[in-house]
Amino acid sequence: MAALAAAFVPPLLPPPPPLLPGWPGGTGGGVVPPPPPAHFINLTNGVEALPALVPAIVPLDAVRYTRLQSSTCEAGDLAGLLLHADAGLLMHAALGGAVYVYDLGSRNAARGVPRSLWYGLPFVAFAANYFCGRDGSAAATKDDDGMAGVPPVWVRGLNVARPWRDACARLDRRAKKRMRYYRPFAHAMGSPPVRLYGVYGRATRMDGQKGACAEPSPLAYERLSAATWLLVVCFAFGRDPSPRKINLGVGAYRDDDGAPYVLPSVREAEARVTARALNMEYLPVAGHAGFLSKAMDLAYGEGAVPEGLASVQTLSGTGACRLAGDLLARFAGGDKAADGADGRPLVLLPNPSWANHAAIFRDAGCAVGTYTYYEPSTKSLNLEGMLRDLRDAPRGATVLLHACAHNPTGVDPDAEAWGEISAAVADAGLHPLFDMAYQGFTSGDPAVDAAAVRRFVADGHAVVLAQSFSKNFGLYGHRVGALSVMTGDAAAAAAVSSQLCILGRPSYSNPPLHGVRLVDEVLGDAALAAQWREEVAGMATRIAGMRTALVAALADAGSTADWRHVTDQNGMFCYSGMSADTVARLAAEWSVYLTSNGRISMAGVTSKNVGYLAEAMHAVTKDGQ
Amino acid sequence: MATTAVAPAKATSVFADVPEAPADPILGLNSAFLADEAPNKISLGVGAFRTDEGKPYVLPVVKRVEQQLAADPATNHEYLPIDGLPAFQKLSAELILGKDSKAMKDGRVVTIQALSGTGALRVGITFLGRFLRTSGSPPAVYIPTPTWSNHRNIVPDAGLGAARTYRYLDAVSGGVDLPSMLADLSDAPAGSVIVLHGCAHNPTGADPSPAQWADILAVVQSRRLIPFFDNAYQGFASGDLDADAASVRLFADAGIDMVLSQSFAKNMGLYGQRIGALSVVLAEGTPDVATAAKAVRSQLKAVVRPMYSSPPAHGARIAVGVLGDEANYAEWKKELAGMAGRIGDMRTALKAALDSNGTPGDWSRIVNQIGMFSYTGLSAQQVAHLRNKHHIYMTSNGRISMAGLTTSTVQRVADAMKDAVETVVKQE
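Residue numbers (this note's numbering), protein chains in the order written: chain Y, 8 to 632; chain B, -9 to 418.
Chain B on its own, in the form it takes in the complex (with noise of 0.2 Å):
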């Protein structure tokens, strides 16, 4: 009666005609560094923090809160609730609102652990998509030119179509282009979600002032758009955790509607082990604010639920036990200004050389920017040229990461770029 299954003729995958993926620019850059065998290759590519030695850096905190996990034997591996380690929403929310937020007294503050920044963000904008809407359809969402790339594939997988861009940069001053930037909010049709980076912009590191905060805020109200920050550097910018806030805390001041993404990895160097939040502000004046949060608590679950289940624990554990506990909450401030610290003092050395070697062209955006990258306004030729000749690694616009330099190399990498500006005639 059995029939016996006869080896069929190799079945076609389903996948057969799959066609490859262009490289992601970044990667693809990681491994030509790589297989580069010159002795005194310098990578400037990597959003990671790096020590003066140029070595990956954990938190000496850090590495202690998870000793201490490890030794306990009350630690279990068990699944996270869907939405996260409830200690770990409540002290993510607190850490960028800041600890006597009205927004979390009346209650207006749903918080979920995230899949660090990118999770946050993801999960996030597909629940806006499934809950605005914008005469009947999805909100447009809008993004900075330029912006972090993953803001562009994030924006059509969560279902929103093709993300929009407002004007950013000034390319001249590397600084805020305010005004454009503002015209474009301002075209924006009511309902639409406005990225914003909280600090550190990422890749120019440029960002607004407080006073062009103010500006921004006023369009966002008055044209009833719902910013969405994306805070992926908060203390790692300035060195001050307060200061790196001040913007998303200025916005929910004004007790409007808003979402945050935060991410732990640069700050706390968890960057492997994904760990971030995401947080729904609720508008002032909602009614019933405890019902419409607990339902929006639930279809921001119900989003996560066929995406990953749960979030992973380990990350969450480590950044409760520093979050949650005064003394290792205070070795991270310092730690924090430490990394901040350092990375300033590379701007400033940077400077410094480009202005003594006499690289021609003005410099200062270099100590006006802020954070982890730093925009220099080197065309993808002379960032060849960079490569090629000098076997110094960045990005193809031009961007630096500042971890990247250490004091024994910056004369070296200031050198190569008077080279490439005199030598590669800027194509505009």
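Isolated chain Y (complex conformation) (with noise of 0.2 Å):
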């Protein structure tokens, strides 16, 4: 069976999240170290979750199965949770293992994540420590009165402790003595704090089936993969009953009271749009005129537009890396592929990237490899390993380099860097395609985040550029884009261009109209402009001040982690350092989700919550990470 599972990991699987990380050295008093992660599936929804983790994860002979029932929660059964609970998980959750149990949502979308993870689980953690942890002095001396001093325990960002308490207090005498069965072996460890966490996924099409165990499917794997989890967040942030839930994993700007912000620019662009009552007809497969114009004068610097530039308007920034990847795959494959890459034409993507890059660009018909970029260890720009990379990559491929504010990990090149980049580039013979998202967002200024672009421009590239309009101009949801091709002159940027509209017209047709004209309005007018340059810079200035509030919230918290990474990292993102673990602790403890790879998106860090914030970043990351 672990061979027909193996059958199924798709080729091009995202890494898996990084598990715990090693046990804080003492801890264990020194004697033993504690055991390795367990895995269990809870049943039955959560043996969906089984063709996903073995074996990328776990080994399949490695994973174990618990039953921590949904109506057991619903009643509020506590006793039931404990007596049913498997003995090997309180076993190796007593010894200080952590213990990862996998869930599945139920097919019935409104009842949204399990309530076995969000309620069920965290009560047998509490009801572990308080008989064998590190808190289990309560149990030895019984039912004390003294709450003061008692840690906070939160579910759903509501303080759990007291309530939990005395239901523990007030248990069955079976399900006490079941619970304090372990304490001794708690104890030989040095009573370690208990470690359970919950990992859940969507729903998949095999709810419910019980055959699923031996059935591996492709689908599962896509539930739980990276790629998919930050809509597994955002499906739980909207069913959290919590007021004080944090959303911090949408790409989107947000102001200061958390509400979606329409520029004032944007909006009296759009009144004089709407009242000039413009018809509706097609625009041109290559997009509209005056916009590519605008935009490209914004990308490049008004009069320095190279020569022998073929631009057309996209989707966005989605589309136009697909589309970037679509002509790649059209004309830069077969002879021309790089060595290895199986007649594909060869797209390198930093590491980590934006989620989507790796899928746009093998949907398109590329192959996709990455470079070095990111030090976690120093949460910090790895230059030297990607100068290295970018040395020894195939002659002929594609990089792909994020313009300015990296997503996800905000970390960017310094001037200097770039130079040293542009070079490698050029001498390794690769071809550079820029993903420029966000333009004018990251420092407030459109030409400081176009340096690197320009000085690509200036190197000698034929720089390929992919532009958005998303958040610089916060119209997202019109998918406003550009994609620009340096071709060397007019007769080779015609052909580009054409080849760019026959691509486009069997998949769009042409693209839409309504966000280019308002792009068109904005930046056709010099009032309108200078207001929207204010405007954007009044974003990034935000964002830059969250980054400051919250730095100095997590010492007022008590932090005295290193966090400048935090203030040193630019644009929509910040790229916390925290594991996926201390992610899911603080989803379930704390009502504050994020993406499993620790992204905070800074736009959703407000003056009223990053108090909050750092409470809970300073409470799941105390006990070192």
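I should point out that these hints are in silico values taken from the structure, not numbers from a laboratory.
A hint or two may mislead.
Claimed, not checked - Pairs of lysine-lysine residues, derived as BS3-like cross-links and limited to a Cα-Cα distance of at most 30 Å, are as follows:
no.	chain 1	residue 1	chain 2	residue 2
1	B	K291	Y	K252
2	B	K341	B	K408
3	B	K291	B	K92
4	B	K0	Y	K343
5	B	K408	Y	K252
6	B	K341	B	K324
7	B	K341	B	K284
8	B	K80	B	K92
9	B	K379	B	K92
To be verified - Anything over 12 Å on all C-beta distances counts as not near chain Y; from chain B, calculated:
no.	residue
10	S106
11	R154
12	V162
13	D174
14	L207
15	D230
16	A236
17	A244
18	D247
19	K324
20	E325
Stated by the list, open to error - Label-pair restraints from in silico Cβ distances:
no.	chain 1	residue 1	chain 2	residue 2	range
21	Y	G372	B	S127	42 to 52 Å
22	Y	S300	B	P277	50 to 60 Å
23	Y	G372	B	S170	51 to 61 Å
24	Y	D342	B	A64	54 to 64 Å
25	B	S125	Y	G372	21 to 31 Å
For each residue, glycine too, the CB sits at the ideal point set by N, CA and C.
Fit the two chains together into the complex; they arrive one by one in their own frames, and the hints show the way.
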């Protein structure tokens, strides 16, 4: 069966989320190290997670099973939960080993995150701590009244320490006896804190099918792969009843009240455009000419748009990257493809990169590789590794570079580093493809954010550039973007343009009208353009201010960890360095939701929630990350 | 330590050798028309509605909904979900399948918002290519001859190889060649995808009668084919939304697997806003429909996400404003009847003018055909003659966009056609 499961591993499955980091030294009493993480599948729905676990995360023979029933949770039968919990699970927890319990949502979407995970498992963990763990003294001294100094236990933003403590004290004899049984083992290990973590995904097509344990499905992989984790997080956020919940997963700007923001300049443009009652005829396949010329000026600089540039309007940054991938697949494959890429053009992505990049280029028919970019230990750029990988890359490969505000890390090369990268790209005979999703939104100045692109143009590279107007104009849902390709001369530009249209025509015929009219109106009016520059700078300033505020609030909350990277990083996101299990705890205990890679959308941080966020981050990181 | 980036000799683009693509015939036609300086030039090439003054038309109800959206401070520009605006999905499926659709009640319909008809076809065919297998290979996709030229491009670009064709037009009568069509469909391997125009076949304007649709359905069922209805003209063809959806509903009532694309370009005049829908209808006998529908939706989203992430919002909001409001919906139905009525009037007027000026031939096809276009049967040489001598532009296959005709130009067009037919001997 393991072999069968292996056959279903998609070739380009993103790496599994990092599991628990090493046990912090010394807490185990220095006698025996705690056991390695254990993986439990919660029956029944959890069996659907099996194919996603085996063998990418855990060998089949290491998977165990438990049964925390949602119905038991719903009935508030806390004793029942403890009586049914698997003995292996309790023993492992008592010994201080990390325990992951996997479950999937029910087919009934309204039920949301399985109650077994947000309610049942935290209670088992609480009870295990109460009877055997660090807080186990309470059990030994029986029901002491002193609640002072009892650490809070957060479930959905509510402190349940007191009611759960009372519940443990009132448990029937059988349940108490069962839990105390593990206490001597815990004691022998130095009474380590109990670490139980729930991992959940949405329901799959196999919902409720017990046969799923014998039939791994590729769909389940997809459900639990990193690419869809964001959706899982948003989904959970939406169902979370906590009034203090914070969504830091969405990649859209929010104002200081946490509300979506329509730029006043864009609103003004929309009022003007609507008042003109223009027609709604088709745009040319290549898009709106006025918009395109302004978009090129914005990216390359007025009067500095390269000769022989082919440009087309696209469905925002995704559409631009996809069209670039389609063009590569059609004209840079075969003999031109790099070695070992199977006749497909090779596109190298930074590690990590925006989760959608790999899928975009793969679906376009390109081979996808990676180059070193981020160094987790320093939470900054690994320039040496990056330059080494670029110099070693097969000649003729395309290298995707984030022009500014690298997503998800927020880590950008400085000017000097960009110079070295430019030289390496030239030396290695690579073709640069810039994805610029945050021009102006990063530093507040569109020219500063385009510096890397302009540098490459000046250095003589034939740049390919994907632009998005989602963030800097706040036009997310209108799908405004552009792809431009430097070809060298007008004839080649016309040829590339014609082929981009040939690719666009059977994909969407012609691009959408409304959003480009707004950008054209804003940038075509000097006063409105100046206002837009102020507004985009305002968004950048608010985000920078929240970075500073978060670091200060973390210090206030008592955190002594080094959070300098929060202010060093750029743009919408902060790559916090928090591990997947820490992220899971933030969601389960504090109702703070971010993507499993620890990426915080800084736009979701406000002056009102930054204190609570810092308190939460400190609570889940203070025992060592 | 830092190496200075020496400006290298200009790097050569990876795309330096890309050949120029052949010009799109329809777009080429438009540039030639624009370049023509004759004051009395007439374009019969564009596939968009024009008023009797020859002007582009924004439906009054659409204009009003758009103004309300712009004035509403609650309107934001956030991302739509990958599969589009939920309200739009439901209203769009109801429009084509009917409010009392059994398939919808059964939960057998999965609808996502798409980039108009093209986008729906592209996502739908990509999806079918990934999950339909006929003896281990992706299914063959059959399109009619002739058909909208983009059908031929979408199929290979979606990764399913060259499209196959089935015979459709009877060149002599200008109607549907049903026997040939049924013969070709009967030869298609089981599991093949058959692209059908729901109404107002483009470019011929020739539609099967209800009895002929029943015959087509019988072959589709017996050969276990997957119909993919392209619905670009619902309501625009006859002026009646339900009449134009009759073919789709006949097939839906049969309870078979089918796929539908919808466009709101023509019937709401939302051309440039790129608004349409893709629906996958699951067969009535599907066990555990809810699970299958959910899986289908997830896979449609998996196609969309690396293509364009999420669809454009503006057109979807306008469509919801029209479809979801009783008064607006009623007004829209009237406007649709008005547009279809104008086109019907132009058909009658052109036929009458051709008859009265004595143009050789039987022109009844012009009134028998339906929708935006008329397939006149004029040869490429006759089309060239019309362009060169009379400054009247149409595609070389003799297709006239009826919306390009106006009360004031119809006589001149008829006289020019007479001249072309009499001067240029048709070469078979």
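Q) If you check each hint against the structure, which ones fail? A) 5, 7, 9, 10, 21, 23
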